[in-house]
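Read in order, the letters of the sequence shown are residues 0 to 216 in numbering that gives the first Met the number 0.
There could be a bad hint or two in this list.
[To be verified] Taking lysine to aspartate or glutamate and the EDC-like style, the derived pairs with C-alpha atoms no more than 20 Å apart in a straight line are:
1) K93 - D158
2) K93 - E145
3) K195 - E121
[Unchecked claim] Computed Cβ-Cβ distance ranges for the label pairs, DEER-style:
4) F57 - Y24: 28 to 36 Å
5) G166 - L53: 29 to 37 Å
6) A135 - F75: 23 to 31 Å
7) L45 - G166: 40 to 48 Å
8) V206 - I114: 15 to 23 Å
9) R123 - Y24: 37 to 45 Å
10) R115 - I27: 44 to 52 Å
11) C71 - I27: 41 to 49 Å
12) T164 - Y24: 24 to 32 Å
13) Y192 - V42: 35 to 43 Å
Hints were generated in silico from the structure; no laboratory data involved. Yeah, the Cβ is synthetic: ideal placement off N, Cα and C, and Gly gets one too.
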Amino acid sequence: MNLSEKRLKQINLFVAVIYALTLLYAFIINYESDKQAFYMGFVSILCPLIVPLLFRLFHFQPVYEIYILSTCFCYFASLIGSCLGGYSLFFFDKVVHFCSGLFATLAAMILFYLIRQSNRLEDRKCYRLFLVFINACNMAIALLWEYYEYAMLIFFDNDCINHYTQGVHDSITDTMSAFVGGILITLFVMRAYHSKKQIFFTRIPEVFYERNIRKTQ
Numbered sequence: 000m001n002l003s004e005k006r007l008k009q010i011n012l013f014v015a016v017i018y019a020l021t022l023l024y025a026f027i028i029n030y031e032s033d034k035q036a037f038y039m040g041f042v043s044i045l046c047p048l049i050v051p052l053l054f055r056l057f058h059f060q061p062v063y064e065i066y067i068l069s070t071c072f073c074y075f076a077s078l079i080g081s082c083l084g085g086y087s088l089f090f091f092d093k094v095v096h097f098c099s100g101l102f103a104t105l106a107a108m109i110l111f112y113l114i115r116q117s118n119r120l121e122d123r124k125c126y127r128l129f130l131v132f133i134n135a136c137n138m139a140i141a142l143l144w145e146y147y148e149y150a151m152l153i154f155f156d157n158d159c160i161n162h163y164t165q166g167v168h169d170s171i172t173d174t175m176s177a178f179v180g181g182i183l184i185t186l187f188v189m190r191a192y193h194s195k196k197q198i199f200f201t202r203i204p205e206v207f208y209e210r211n212i213r214k215t216q
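Produce the complete structure using the sequences and hints provided.
Take a look at the structure:
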């Protein structure tokens, strides 16, 4: 393990500790004052475990950049948002959906590499297909999330989709926020493709490819 990898592992541990301490704080303050927020704390326990469990399930080598981003996203989307009143803050929800668009598009890049077993975009046709694919996956994930929120309303009378107060406005602006996040990653990808220089976001799928796809070939 090189120095950079050790530092990332330390950052990942630090982020996990901050998450655990905040979660403990949320349980304490919500125990008597807000039962719904208290029970959402149990969801917040599970959320940051999803990505590491997927890596174990598919026998992937760890990519600590992905672990860190996943934990940070869960920290705000689940822990701060659902347990500590974050979604009551102006525009908090839209920032979360914007970030979901960033990460969903990165996940789509990894999925593209897994399907093709290659990170090479041999020609313009493959490059264009890649751009369409990552944005289509991002929007599909955003749509499926809105389906989930609508199901919560229909089956459990939990209006997390804000149907009674905003109608379709909340769903449309959520998906638009995710779309903008995806477009930003797309612009980074286009810049990297033409300049041959990677930045942090475009480097993450490449690290995953090197550790989990190329080494198995």
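Going through the hints against the structure:
1. K93 - D158: Holds, at roughly 17 Å.
2. K93 - E145: holds (13 Å)
3. K195 - E121: holds (14 Å)
4. F57 - Y24: 28 to 36 Å: holds (34 Å)
5. G166 - L53: 29 to 37 Å: holds (35 Å)
6. A135 - F75: 23 to 31 Å: Taking Cβ atoms as reference, A135 and F75 lie about 26 Å apart, which means the hint holds.
7. L45 - G166: 40 to 48 Å: violated (31 Å)
8. V206 - I114: 15 to 23 Å: holds (18 Å)
9. R123 - Y24: 37 to 45 Å: Given range 37 to 45 Å: violated, Cβ gap about 52 Å.
10. R115 - I27: 44 to 52 Å: holds (48 Å)
11. C71 - I27: 41 to 49 Å: violated (22 Å)
12. T164 - Y24: 24 to 32 Å: holds (29 Å)
13. Y192 - V42: 35 to 43 Å: holds (38 Å)
Checked against the numbered hints above, the structure violates hints 7, 9, 11; every other hint is satisfied.
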